[in-house]
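K.L.:
Below, each chain spelled out in residue letters.
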Amino acid sequence: SQQGEEDPQALSIQEGENATMNCSYKTSINNLQWYRQNSGRGLVHLILIRSNEREKHSGRLRVTLDTSKKSSSLLITASRAADTASYFCATPHGFYTGGFKTIFGAGTRLFVKA
Amino acid sequence: SQTIHQWPATLVQPVGSPLSLECTVEGTSNPNLYWYRQAAGRGLQLLFYSVGIGQISSEVPQNLSASRPQDRQFILSSKKLLLSDSGFYLCAWSPRYGRGQDSNQPQHFGDGTRLSIL
Chain A
855 SQQGEEDPQA LSIQEGENAT MNCSYKTSIN NLQWYRQNSG RGLVHLILIR
905 SNEREKHSGR LRVTLDTSKK SSSLLITASR AADTASYFCA TPHGFYTGGF
955 KTIFGAGTRL FVKA
Chain B
539 SQTIHQWPAT LVQPVGSPLS LECTVEGTSN PNLYWYRQAA GRGLQLLFYS
589 VGIGQISSEV PQNLSASRPQ DRQFILSSKK LLLSDSGFYL CAWSPRYGRG
639 QDSNQPQHFG DGTRLSIL
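In order, the protein sequence lines correspond to chains A and B. So the first sequence is residues 855 to 968, counted in my numbering. So the second sequence is residues 539 to 656, counted in my numbering.
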């Protein structure tokens, strides 16, 4: 199975509400990243949280990391219709010459209704 | 600023035909380069990665191959496409610093190629 697995698979909320997505992983990591993908487009990096950090903020985004539970959450506050997208967590895994490879979860599809 | 270009955006090919997808990066040098495939509604499957010219590592044995003829050019190829090769192909790059720092770098993606095999 994948290193990172998101929950829920899909989420539908009203504009203005908060959206929370969770990610679980299996092995020790040195960081965890969240990405966003609009329909039919490439992924866009949102935020990176290191293993020695518990919480990180970027605008309306809040990411937490609990290394003891091997889990992370992404909170989007005051959601907007433009936040409608798929959100993926990603973790470095294994080694290859010169660096790591990044494993992406299956994603959470967020739909924000106007 | 750095940019990544991937083309074509959409491609429809018959089974058994060859494939060539190209990706180029501008504004940076010596990047790590990646090819991913994404099935509909699913996550990303890493196909190939490269840490330098001519250095390609394959993650999934299949009828696809990759080449890096220049520092910022990454090409995905196939001699004979299968129906199962349909999907959304994404190229990405990340900065290469070495010394274990590469995993702390974000990946930057192109807009992908939607490949349909008939």
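There's no promise every hint is true.
What the hints assert, rightly or not - Within a straight-line C-alpha distance of at most 30 Å, the following computed DSS-like cross-link-like pairs (lysine-lysine) qualify:
id, chain 1, residue 1, chain 2, residue 2
1, A, Lys910, A, Lys955
2, A, Lys955, B, Lys617
3, A, Lys880, B, Lys618
Worth flagging that the hints you see were computed from the coordinates, not collected in a lab. Just so we're clear, the structure is a prediction, and the values are computed from it rather than from any experiment.
K.L.:
May I ask which of the numbered hints given earlier this structure violates, with the numbers listed in increasing order?
P.N.:
Of the numbered hints, just 3 does not hold.
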